[in-house]
Structure formats: structure tokens, C-alpha cells
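Order-wise, the sequence lines are chains A and B. In this text, residue positions in the first sequence follow our numbering: the first is 147, and each later residue adds one. In this text, residue positions in the second sequence follow our numbering: the first is 506, and each later residue adds one.
Among the hints, a few may not be true.
[Said to hold, decoys possible] Capping the alpha-carbon separation at 30 Å, the derived lysine-lysine pairs in DSS-like fashion look like this: (1) Lys507/B x Lys181/A; (2) Lys531/B x Lys181/A; (3) Lys507/B x Lys214/A.
[Said to hold, decoys possible] Covered stretches of chain A (chain B as the covering partner; in silico rule of three or more C-beta atoms under 8 Å from a C-beta of chain B): (4) 176-189; (5) 200-207; (6) 276-290.
Treat the hints as calculated values from the structure; they're not laboratory data. Note that the coordinates shown come from a computational prediction; the quantities given were computed from them, not determined experimentally. All C-beta atoms in this analysis are idealised placements derived from N, C-alpha and C, irrespective of residue type, glycine included.
These are the residues of each chain, in order.
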Amino acid sequence: MDIIINGRTIEFSVDPRTSLLDLLRDHLGLTGSKKGCNQGACGACTVLVDGERINSCLALAVQYQGRKITTVEGLARNGDLHSLQRAFIEHDGFQCGYCTPGQLCSAVAMVDEWERGLPSVVTQELAAQGIALDRDEIRERMSGNLCRCGAYNGIVEAITATFENLP
Amino acid sequence: MKPFTYERARDPNEALRLVGTDGGAKYLGGGTNLVDLMRERIEAPERLVDVTRLSTEIEGKPDGGLVIGAAATNTALAAHRAIREQYPMLARAVLAGASAQIRNMATVGGNVLQRTRCIYFYDEASRCNKREPGAGCDALDGFNRMHAILGASSACIATHPSDMCVALVALDAVVHTLGVEGERSIPLVDLHRLPAGRPDIETELKPGELITKIELPPPLTKRSTYRKVRDRASYAFALVSVAAEVDVTNGKVRDARLALGGVATKPWRAWKAEEALRGQAATEPSFRAAAEAELVEAAGLRHNEFKIELAKRTLVAVLCELAGVAT
Chain A
147 MDIIINGRTI EFSVDPRTSL LDLLRDHLGL TGSKKGCNQG ACGACTVLVD GERINSCLAL
207 AVQYQGRKIT TVEGLARNGD LHSLQRAFIE HDGFQCGYCT PGQLCSAVAM VDEWERGLPS
267 VVTQELAAQG IALDRDEIRE RMSGNLCRCG AYNGIVEAIT ATFENLP
Chain B
506 MKPFTYERAR DPNEALRLVG TDGGAKYLGG GTNLVDLMRE RIEAPERLVD VTRLSTEIEG
566 KPDGGLVIGA AATNTALAAH RAIREQYPML ARAVLAGASA QIRNMATVGG NVLQRTRCIY
626 FYDEASRCNK REPGAGCDAL DGFNRMHAIL GASSACIATH PSDMCVALVA LDAVVHTLGV
686 EGERSIPLVD LHRLPAGRPD IETELKPGEL ITKIELPPPL TKRSTYRKVR DRASYAFALV
746 SVAAEVDVTN GKVRDARLAL GGVATKPWRA WKAEEALRGQ AATEPSFRAA AEAELVEAAG
806 LRHNEFKIEL AKRTLVAVLC ELAGVAT
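Construct the complete structure from the given sequences, taking the supplied hints into account.
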């Protein structure tokens with residue numbers, strides 16, 4: 147079986163019970179993605195599949211053959227942090243850091259969803275073109291990522307600062 | 506997790522053949538519920554048949570309705586232009602459920618067949634008639650704040666957790682299936698069973714029967730919405746939810762389609778409230794009378810009694826919003 151992780155095609159052979167998260171962490175040594183609840187409630191395991199965010203703890207690795215996975219290790223380019231990673235540092239978007247890889251992957255995909263015009267449940271006009279990505283929208287769209295340190299204010303500020311600088 | 510084999514179906518007939526009818530196999534959608542249940546040893550299939558590569562299409566019908574492939578993701582449903590414009594209740598219900606990550610994984614067919622989130626169903630140390638028929642129900646005398654006030658029995662008070670299904674039953678959705686006896690269609694409102702004495706039998710589907718698509722008739726009106734009341738602002742199951750579509754003409758309710766979530770053992774079509782509303786003045790007292798009619802048989806337990814009044818007030822508030830009545 148093949149899977150493309152952070153741009154590299156990797157051959158793997160695992161028991162069908164292996165989650166995508168365990169494939170990444172235990173078989174490939176990519177320990178950036180974290181195991182928090184292991185039941186889809188916390189978002190610490192969030193990775194991108196073909197650019198879309200999912201909970202890798204609820205994903206069976208065999209189901210993702212041939213797909214392109216991006217983990218937190220794949221966000222930096224040539225040693226330069228992703229602008230969102232820099233913003234998390236600048237705006238104190240974390241304390242202990244355990245939820246941070248999931249928050250980062252989630253936020254990257256969230257901004258992409260917003261750019262594609264996807265509404266959220268707090269969007270007043272569901273069919274509107276051009277939804278303002280305000281604080282309420284960000285908080286709702288990021289609600290699948292819990293932070294037990296409570297760094298939410300910093301996380302929202304980091305995301306806001308990053309998307310305001312989008313070209 | 507018990508060992509299992511994994512196969513991916515290329516078409517519905519192959520899926521049906523791979524699953525068979527011996528009960529040892531399960532269809533796998535996004536896995537957001539099934540993988541969790543397998544990890545908790547509540548589900549233990551010997552074979553998984555991946556149906557996520559079957560139809561994901563969402564297509565308009567000549568009559569103005571819509572056909573949704575069962576493998577379409579929850580996100581695809583909420584993102585679809587026609588659903589946002591014509592069926593805002595459905596888009597809003599989908600967006601009110603789970604998190605963005607889960608909506609990206611979860612399929613429409615899987616959402617319909619997701620199992621209850623009753624904590625006693627999940628807890629192997631508790632008695633549960635759904636998990637082990639005849640064992641008893643620890644929710645009855647337990648912490649039953651999240652449990653049902655409508656459609657329950659002395660064997661089971663577990664709620665159906667879906668938001669999407671609440672909107673779909675209000676919209677008269679029809680489920681299309683493929684089984685060993687061929688294709689058939691079932692109104693979604695008839696797909697889930699009331700628990701009565703056998704809460705372990707949750708739907709009318711036969712062994713191996715596969716949900717292939719869901720069909721929606723044209724909406725009554727574009728004035729529809731979904732409101733969800735929960736313990737935290739986002740990413741939580743409903744205490745009460747209301748899906749409503751109301752056609753108000755000259756100050757009178759010409760027609761309405763209503764459903765309730767979070768309060769019943771299945772997605773709950775509010776037929777009594779609809780009946781009570783038809784032809785009535787679009788005013789708060791008529792809305793309250795309709796809500797009273799729907800909840801007349803509601804039965805609360807120690808921790809969920811509050812849901813009876815909460816359901817009435819939420820229904821009235823949503824009707825006022827749609828009818829433009831000040832509260």
C-alpha cells in the first residue's frame with residue numbers, strides 16, 4: 147500500500163486495525179500529530195488529507211491508500227516556519243503545546259474552507275458570497291480543537307493575524 | 506479492537522456481495538462512529554466493506570428536488586449551493602453537528618445509521634438493552650439528562666444523536682436502498698424504529714441492505730431553519746433541536762413541516778404540531794398551542810424533565826423567527 151506523507155510516497159503494510167494516527171506516530175516516527183482522546187473529541191490528532199482536515203485517530207490507515215497527507219511536520223517549507231506557526235509563537239497561541247499541532251493543521255484547512263466560501267453554523271446568510279471571518283466564525287470553525295490550557299484567545303489572535311495578511 | 510479484514514467496494518452490487526447477509530460484516534463510511542465503537546468493543550465485525558468510493562453526487566431533479574449519494578460527506582452537503590439556498594434547514598443542521606474534521610470524514614449514509622451516544626450504551630460495565638438485549642437499562646435510574654422524553658420505553662431511553670436526520674425527516678426525505686431482494690425506497694421517518702422491547706433493532710433495514718442515496722422532494726418554501734440548544738456553544742450533542750419550515754400566507758400558516766432532535770429515540774417528526782398549526786393565525790399563542798400538542802405525551806425522568814418545557818420554548822422561538830413574529 148502507498149500513502150503520500152508531506153510530499154513523500156511511502157509504502158506501508160499494516161494490520162487493518164491501525165489508525166492513520168498510529169501509522170504516523172508508531173510506524174513512521176512522525177510524532178507531531180498527538181493522541182489526546184483517541185475518540186474524535188479533542189482534535190489533537192488533526193491532519194490534512196488532500197488539503198482537508200480530519201481526525202486521524204478515527205481514520206483507518208488502509209482507507210487512506212494513495213491519499214496525500216499533511217502533518218504538522220509538513221507545514222514548514224525549507225526550514226522556514228509556516229506563517230501560522232510564527233503567529234502562534236508571537237500571539238501565545240499555546241502553553242503546554244500538546245494541542246498545537248492539531249490546532250495548526252486545523253487552522254490551515256479552516257482558512258482554506260473559508261476561502262472556498264464554506265459557511266458555518268453561525269453564518270447569518272448561508273448562501274452569502276464573502277463571509278467575514280470574525281472572532282465568532284473562527285471560534286465556531288475551530289471548535290473541534292480543544293485546548294485544556296485555555297490558550298483560545300491567543301489561538302484566535304494568531305489565526306486572525308495570519309489570515310489578515312493573506313495576499 | 507477485534508481483527509477484521511478490509512475491502513473496498515467499486516459499486517453497490519459489489520458492496521452487497523462482499524457484505525453478505527451473515528451479519529459478520531459492516532459497511533464502512535467515514536468511520537467516525539464505527540471505528541470508535543469497534544475500539545470500545547461494542548461493534549466487532551469480521552469484515553469491513555468500504556463504501557466511501559460509491560456515489561458522492563448531489564444532483565438536482567427536474568421537479569426541483571434533490572438526490573444525494575450516500576457517500577457524499579457531511580461537508581459536501583452543507584457546502585452545496587442548492588442546499589444552502591433551497592434547504593437552509595438542512596445545511597444548518599449539518600453544520601450544527603460534530604466538528605469540521607468529523608464532517609469532512611462522515612458520510613450521509615453513515616450519519617443516518619450512527620448509533621446512540623448514551624453513556625450507558627458505551628460503558629461495558631453498565632446494563633444496556635441495546636448492547637445486550639434483556640440486560641436492563643441503567644439510564645432509567647442513572648444520569649439521564651441527555652435522554653429521550655418522546656418515543657422511549659421501559660427498555661430504552663437513548664436518543665438518536667443526528668442533527669442531519671432531524672432536518673431530513675422534516676423535509677420528507679426518502680432513503681433508497683439496495684438489498685438481496687433488489688432496490689427499494691423507505692421514507693426516512695419510517696427507517697428508524699421506536700425501541701419498544703427491542704432497542705437493539707434500530708432500523709427497518711434487512712441484513713446486508715445498503716443505503717445508496719437519499720432523495721428530497723422540493724422544499725415548501727425557502728424559509729426554513731434549524732436551531733440547536735446544547736450545553737456548550739459548539740461541538741456538543743443537542744439537548745433539544747428544532748427543524749422547521751413554515752409557509753405563512755396573509756398572516757396564516759398555510760403549511761408547516763417540523764421535527765425535533767435531542768428529545769426522542771428517533772428523528773422525531775412533529776406531526777401533531779403541524780396539524781395544530783395548519784390554517785391558524787401565525788401568532789405566538791398558536792405556536793405555543795402547537796408546541797403543547799406535540800409534547801402532550803412527553804415523559805420526563807429525574808434529570809431530563811426540563812427538556813419538555815425547553816422543547817416547547819425552542820419550537821415557539823423558531824416558529825416566531827420564521828414567521829417574523831416579535832417575541
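Do the hints match the structure? See the list:
{"no.": "1", "hint": "Lys507/B x Lys181/A", "verdict": "holds (21 Å)"}
{"no.": "2", "hint": "Lys531/B x Lys181/A", "verdict": "holds (26 Å)"}
{"no.": "3", "hint": "Lys507/B x Lys214/A", "verdict": "holds (28 Å)"}
{"no.": "4", "hint": "176-189", "verdict": "holds (count 4)"}
{"no.": "5", "hint": "200-207", "verdict": "holds (count 5)"}
{"no.": "6", "hint": "276-290", "verdict": "holds (count 5)"}
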